[in-house]
Amino acid sequence: MTKTLWRASLLALGISALSFAQAQNAPTKVGIIYIQNAIAQTKDGQKAIEQIQAKFGPRRTEFDKRQQELQAKETQYRQGANTMAEEARTALMREIDLMRKQLQRDMDDAQTELEQEQNRILQELGQRMMTVIDKYATDHGFALILDVSNPQTPVLYASNTIDVTRDIVELYDKGAAIQPASTVSGAAAAPAAAKPAAAPKK
47 MTKTLWRASL
57 LALGISALSF
67 AQAQNAPTKV
77 GIIYIQNAIA
87 QTKDGQKAIE
97 QIQAKFGPRR
107 TEFDKRQQEL
117 QAKETQYRQG
127 ANTMAEEART
137 ALMREIDLMR
147 KQLQRDMDDA
157 QTELEQEQNR
167 ILQELGQRMM
177 TVIDKYATDH
187 GFALILDVSN
197 PQTPVLYASN
207 TIDVTRDIVE
217 LYDKGAAIQP
227 ASTVSGAAAA
237 PAAAKPAAAP
247 KK
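Residue numbers (the working numbering): 47 to 248.
Misleading hints may appear alongside valid ones.
To be verified - Pairs of lysine-lysine residues, derived as DSSO-like cross-links and limited to a Cα-Cα distance of at most 27 Å, are as follows: (1) Lys220 - Lys181; (2) Lys89 - Lys147; (3) Lys101 - Lys111; (4) Lys111 - Lys147; (5) Lys181 - Lys75; (6) Lys119 - Lys147; (7) Lys101 - Lys89; (8) Lys220 - Lys75; (9) Lys89 - Lys220; (10) Lys220 - Lys93; (11) Lys147 - Lys93; (12) Lys101 - Lys147.
Derived from the structure by calculation, the hints contain no laboratory data.
Generate coordinates for the entire structure from the input sequences, incorporating the hints supplied.
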């Protein structure tokens with residue numbers, strides 16, 4: 047074998063070995079995460095839940111009271127409709143209609159405000175969570191981590207042994223302890239209404 051052929055063979059062998067080593071080092075692990083649950087379980091998420099409950103709890107109490115008052119008026123109307131004077135019956139009907147419309151309008155406004163604050167917090171905490179997930183995947187050799195929070199996820203089955211939600215929460219909180227999320231400290235909102243993630247489909 048000539049020197050040229052020998053060098054070519056060594057070069058080919060070196061390339062093959064390098065390709066094999068790269069293939070060996072390539073990430074191959076797959077994991078799943080319930081991202082909504084993960085956000086809600088972090089210290090920032092729990093703090094945000096407390097804040098939103100403190101802000102919207104009194105409103106819910108107020109709405110419940112107004113709902114009871116409306117029901118009392120409706121009962122009064124049903125029981126006295128046949129004996130009340132026409133003018134009094136018409137006035138009571140108008141009062142009930144006004145109470146119902148105002149209550150529904152106020153409840154819709156409160157729901158819209160709640161959803162806006164939830165979305166804002168979910169987005170901001172979610173961005174930070176993605177940074178943590180990226181670090182975790184890189185450090186632990188994951189090629190893919192799937193969010194299975196949404197019941198409509200195309201994942202039909204996933205073993206619980208590849209669920210990394212708790213690991214991500216712990217890693218997030220370690221980072222949050224060093225650099226707290228600025229938004230949550232002054233926000234009165236949280237992912238409180240985030241739906242519990244469904245179990246992996248089988």
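Against the structure, the hints come out as follows:
no., hint, result
1, Lys220 - Lys181, "holds (13 Å)"
2, Lys89 - Lys147, "violated (39 Å)"
3, Lys101 - Lys111, "holds (17 Å)"
4, Lys111 - Lys147, "holds (15 Å)"
5, Lys181 - Lys75, "holds (14 Å)"
6, Lys119 - Lys147, "holds (14 Å)"
7, Lys101 - Lys89, "holds (19 Å)"
8, Lys220 - Lys75, "holds (23 Å)"
9, Lys89 - Lys220, "holds (10 Å)"
10, Lys220 - Lys93, "holds (15 Å)"
11, Lys147 - Lys93, "violated (34 Å)"
12, Lys101 - Lys147, "holds (23 Å)"
When held up to the earlier numbered hints, the structure conflicts with 2 and 11 and fits the remainder.
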